[in-house]
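Chain A is fixed; fit chain B onto it per the hints.
Going down the list, the sequences are from chains A and B. With the first letter of the first sequence counted as 1, position 187 gets the number 187 in the working numbering; the numbers rise by one all the way through. With the first letter of the second sequence counted as 1, position 97 gets the number 97 in the working numbering; the numbers rise by one all the way through.
Keep in mind the hints are simulated off the structure, nothing from the lab.
Which residues of chain A face chain B? A few of them, derived with a C-beta cut under 10 Å, are:
| # | residue |
| --- | --- |
| 1 | F16 |
| 2 | A26 |
| 3 | R253 |
| 4 | D254 |
Pairs of lysine-lysine residues, derived as DSS-like cross-links and limited to a Cα-Cα distance of at most 30 Å, are as follows:
| # | chain 1 | residue 1 | chain 2 | residue 2 |
| --- | --- | --- | --- | --- |
| 5 | A | K231 | A | K267 |
| 6 | B | K34 | B | K195 |
| 7 | B | K93 | B | K64 |
| 8 | B | K34 | B | K93 |
| 9 | A | K231 | B | K64 |
| 10 | A | K231 | B | K34 |
One side only, chain A facing chain B, incomplete, derived with CB under 7 Å:
| # | residue |
| --- | --- |
| 11 | F13 |
| 12 | P22 |
| 13 | V23 |
| 14 | N29 |
| 15 | I43 |
| 16 | A47 |
| 17 | K48 |
| 18 | A50 |
| 19 | A247 |
The beta-carbon is built from N, C-alpha and C at its ideal position, and this holds for glycine as well.
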Amino acid sequence: MSSGNGPQDDAAFAAFLAGESPVSTAYDNLERVEPAPALDAAILAAAKAAAIPVGRAAATTAAPAALNPPPARVLPARPPPAEDDDDDGDTAVLPAARRPRWIIPAALAAGVLAAVGIGFSVSGPSPAVSDGKSALASLFARRARERSEAEKAAAEAAARELEVMVMEGPPLPPSFEPDRPQVTDLEASIALIRRELVSAERQEAPADSATAEAPVAPADMIQPRDRRLAKILELYDEGNPDLARDALEIFLRDFSDDPVSPRILGKP
Amino acid sequence: MLALMVEAADDALLMTRYGIGDVPSFAPLYARHKGPLYRYFVRQCGNAETADELFQDVWLRLIKARERFEPRVPFTVYLYRIAHNCLVEHFRKSGRALTSASDTGQFRVEEIREAVAEEIDPAFASGRWSLVEWDGDPARGPGAALTGAERTERLRMALETLPMEQRETFLLREEAGMGLAEIAAVTGANAEAVKSRLLNALKTLRAAVGDLAPADSR
Chain A
1 MSSGNGPQDD AAFAAFLAGE SPVSTAYDNL ERVEPAPALD AAILAAAKAA
51 AIPVGRAAAT TAAPAALNPP PARVLPARPP PAEDDDDDGD TAVLPAARRP
101 RWIIPAALAA GVLAAVGIGF SVSGPSPAVS DGKSALASLF ARRARERSEA
151 EKAAAEAAAR ELEVMVMEGP PLPPSFEPDR PQVTDLEASI ALIRRELVSA
201 ERQEAPADSA TAEAPVAPAD MIQPRDRRLA KILELYDEGN PDLARDALEI
251 FLRDFSDDPV SPRILGKP
Chain B
1 MLALMVEAAD DALLMTRYGI GDVPSFAPLY ARHKGPLYRY FVRQCGNAET
51 ADELFQDVWL RLIKARERFE PRVPFTVYLY RIAHNCLVEH FRKSGRALTS
101 ASDTGQFRVE EIREAVAEEI DPAFASGRWS LVEWDGDPAR GPGAALTGAE
151 RTERLRMALE TLPMEQRETF LLREEAGMGL AEIAAVTGAN AEAVKSRLLN
201 ALKTLRAAVG DLAPADSR
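Extracted from the complex, chain A is given alone in its bound form (with noise of 0.2 Å):
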């Protein structure tokens, strides 16, 4: 212990690190200031467009180009400080939109077809059919009617849980990335960008390297297809091999006109 602390000391030492304490209490009514959306939005901005290889960003209207270095500094004028007491501290804190552009269009759909298959039901046969007909033809209109209008009412409801998952749920893919070409065989992949590394590092070597020691090229000269493949294997080494997966896809999207890419996807 300390020299100079009694043992109450101790004691609300310990209390304080159970988060037991008052400091602790009145810490926690301290107004929980937060920064503002228009700061959010560029940390966000930038942390897209610093992931996005150069080559892709052109493609994106959302993202800029700019990879290295990092996007300008952005600080936007500040509102009036205001009281937001309603941090849990681990609350994702995202813009409302940020759910799927097709579900409201979706939903719609939905209560379009359904609304038209009604209007077909109810128009059903015409009204020169014989009593017996027309009865029938009642009956099978009202239960069409009747099943779209269940259909329509499961559409809904689709679309509503559809939504409720959308926004508890981790946000979803900006909408311009296409989806990740699939991984059948991951050892044979590893197998293959080691050969490929090792055929690029040859490449780049002087012919009198067995003499002399080649220097080692500094990180930011290594070219970023080499250092996202180096990256995939080192995960694999490690023991990580779904994280391998998942960058060696990753990497296949990014860099789909890249030599190596359709020899992993198995393409001519």
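Chain B alone, transformed into the frame defined by chain A:
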């Protein structure tokens, strides 16, 4: 505790995934840590503009170094190590004393402490902690009950008077939820120094909120 461990593992996974190019992994990571990190700066800098600047610096540095993140390092330690370095650089550049959060720098630490102590409790100002020996105004004495708002305000003022090391240690504990070892890793101090800083900070803050330790009867 289990929830904290799961969250820590989740942070490491999210940062690793972001480092390999999985952009969507960054947003939940940012959402989880932006509030505590922002308050870490606000409480130490004393103004929102500086806090904004440092806050953005940290995240941009993290983004730039995303590929160098090692999963064996707790993400919070990684993040706050960058934050600590940014803060130290800021104080060095500004040439300010590292013991006051006031941007005006008009008061020396001792003057601030005296002003706060006199308002809080004459016993504290005199260095005597005994509840029994205090003989001042009962309405303002340690026996008088403090409202929650009073405690909070006194804590705020006392927090601003702490030396930077003590304040930072306290904030890393309260905002980032770090243990002593993690705080040591962030600040570069050893565990004993961290404990000492936290103990001293706690003494000051306990006095501020009226949680005084009675002196030993002699």
